[in-house]
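Novice: Residue-level listing of the chains:
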Amino acid sequence: MIIQNDIRHFIIENFLFGDTSHDLGDDVSLIETDIVDSTGILELVGFVEKTWSITVKDADIVPANFDSIGRIAAYVANNAGQSAAA
Amino acid sequence: MRVETFLRHSARRFPDKTLLVAGSTRLTYAGFDAQTDSLAAKLQGLGVARDDRVLVFMDNCAEAALAIYAVLKAGATFSPINASTKADKLAYIIGNCRPTAILTQRKLAGITAEALAGRTDIAVLVAGTPEFEAALATPTAPACHGGIDVDLAMLIYTSGSTGRPKGVMMTHRNIDAASHSITTYLENSADDIILNVAPLAFDYGLYQLLMAVRVGATLVLEKSFAFPAAIFETMRREKVTGFPLVPTMAAMILQLRDHSALVVPTLRYITNTAAALPVEHIRRLRDLFPGTALYSMYGLTECKRCTWLPPAELDRRPGSVGIAIPNTEAYVADETGHPVPHGTIGELVIRGPHVMQGYWENPTATAERIRPGRHAWEKVLFTGDLFRADADGFLYFLGRKDDIIKTRGEKVAPKEVEAVLHAIPGIAEAVVVGVPDPILGQSVRAIIVRADPSLTEAQIIRACARNLEDFMVPRAIDFRDSLPKTDTGKVSRRLAVELLETA
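Line by line, the protein sequences give chains B and Z. The numbering of the first sequence is our numbering, which starts it at 1 and goes up by one. The numbering of the second sequence is our numbering, which starts it at 87 and goes up by one.
Check each hint, because a few of them may be wrong.
Restraint ranges, calculated between C-beta atoms of paired labels, are given here [to be verified]:
| id | chain 1 | residue 1 | chain 2 | residue 2 | range |
| --- | --- | --- | --- | --- | --- |
| 1 | Z | 341 | B | 74 | 39 to 45 Å |
| 2 | Z | 112 | B | 26 | 27 to 33 Å |
| 3 | Z | 564 | B | 1 | 35 to 41 Å |
| 4 | Z | 566 | B | 19 | 21 to 27 Å |
| 5 | Z | 236 | B | 19 | 45 to 51 Å |
These are calculated hints, taken from the structure and not from any lab test. Quick reminder that beta carbons are idealized off the backbone N, C-alpha and C, glycines included.
Let's have the full structure, built from the sequences with the hints guiding it.
Specialist: See below:
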């Protein structure tokens with residue numbers, strides 16, 4: 001849950017400017033609901049890379065990995081620490 | 087010829103061919119033709135008559151494409167509204183063009199209801215509801231409406247420097263002329279498969295649909311470019327041949343590290359419009375897509391498209407947006423409207439059958455743009471954009487005459503943003519400008535003088551996000567004790583830009 005909360009916090013601060021009235025459930029599509037715009041996904045990727053020391057491959061920047069808080073958290077959980085291990 | 091007639095012709099030629107791919111929806115020409123007939127009949131049943139306005143307030147879903155042709159088949163005029171439009175602006179547009187009906191989708195039904203504020207004299211039909219599905223599934227032919235091709239096909243709202251959106255009036259004949267000209271130089275044919283992510287509410291996105299239907303091609307409609315790698319995957323799967331870009335998308339593509347994801351063997355052409363591509367981006371795009379023709383183009387909603395650069399000229403004049411599109415004229419004029427010699431800076435003037443009829447019920451704004459031309463009997467379009475031509479007549483865009491900001495390919499009127507800022511309690515003064523940005527082209531920024539020093543940047547941006555389309559929301563706020571002013575005490579946008587650029 002900590003990963004989810006960090007991502008949620010980043011989205012609220014950077015895309016919603018502190019507005020907590022949006023439904024930010026783990027399964028809510030960030031693009032379909034216009035919470036994050038098209039250039040915002042790149043900012044999210046940058047946040048994930050910096051926070052969890054992950055190098056996100058271009059081919060991984062797809063809806064299955066980044067279109068909801070739950071999917072991003074799962075991606076982070078599966079890839080965190082990769083650079084330390086490498 | 088009327089726009090819906092092109093659909094009927096293509097449906098007769100290619101009944102089983104795929105017209106539209108939108109998410110998991112695939113529609114053939116025959117299927118699309120039948121469903122738009124049914125939806126048109128439904129609209130007529132709801133009271134939509136010839137020349138009525140109907141808003142299409144949807145994102146890039148299949149129903150939006152169906153709605154556009156259904157409105158035309160009912161004999162009415164469609165007005166596509168950007169899906170990120172907020173209730174206030176939607177209410178203004180409703181008041182301005184007095185639509186008979188609004189076609190929308192579930193996620194936007196709340197904003198539609200808010201904008202209607204209890205009015206029940208406008209029919210609302212929501213995509214995804216049983217009523218909408220039933221309307222598509224019930225085979226019915228619409229009644230003959232009697233319309234001809236000089237009737238209005240669409241009203242496209244565009245940001246004006248006054249801060250209120252203006253409805254650009256386009257007849258069927260205007261669309262016929264523009265789509266014929268563009269499909270000619272792009273050499274479009276029924277073999278083309280075009281992938282479009284630009285909003286259908288933006289004429290660049292809308293024309294991908296209109297042109298595909300005209301030539302019997304296939305349109306792959308996507309909602310967003312948030313996931314470029316996924317879009318390229320779709321392009322490979324669907325064997326896409328044409329890919330319209332805006333500079334922000336190009337910048338996103340060029341940021342990708344793994345270029346092997348960009349290979350689309352079938353891709354015949356890429357187009358760019360909305361704002362100029364930096365020359366360096368043109369060079370890198372050509373390296374990445376060696377077998378693909380790149381078209382630099384320029385236009386504005388008021389005439390759809392003005393110029394195109396033949397790809398063969400790209401090496402010699404990478405910074406040029408080219409020459410007039412087929413069957414139109416484009417020239418640089420002085421203050422009095424007379425053509426100036428090549429090399430001299432002036433306002434670009436457009437002459438041709440694609441020029442708008444004017445702004446809906448706004449004769450003052452119309453008179454500023456549509457003025458007498460070379461002959462006493464004609465009217466031409468003054469674009470408000472500054473250009474110069476080189477010795478061979480190729481045109482170069484230099485900037486706007488007014489303060490309009492271009493961000494992510496969308497026009498933003500600073501006054502529209504300032505009006506929202508001034509309504510926020512605690513703001514004394516505000517000025518909005520565009521500053522250069524490597525991804526967005528220009529980034530919307532505000533300089534603010536606070537009356538209430540506790541007001542924060544986040545509070546202000548949040549208030550803007552509630553009242554403005556997302557691309558209009560300032561990216562950052564600069565707090566100052568006073569706004570930059572000229573010697574005569576007028577707030578100066580030019581000085582404001584300089585202030586932010588040196589900050």
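Novice: For each hint, tell me whether it holds in the structure or not.
Specialist: Right, here's what the structure says about each hint:
no.: 1; hint: 341/Z with 74/B: 39 to 45 Å; verdict: violated, 24 Å
no.: 2; hint: 112/Z with 26/B: 27 to 33 Å; verdict: holds, 31 Å
no.: 3; hint: 564/Z with 1/B: 35 to 41 Å; verdict: holds, 37 Å
no.: 4; hint: 566/Z with 19/B: 21 to 27 Å; verdict: holds, 25 Å
no.: 5; hint: 236/Z with 19/B: 45 to 51 Å; verdict: holds, 48 Å
In terms of the numbered hints stated before, the structure departs from hint 1 and from no other.
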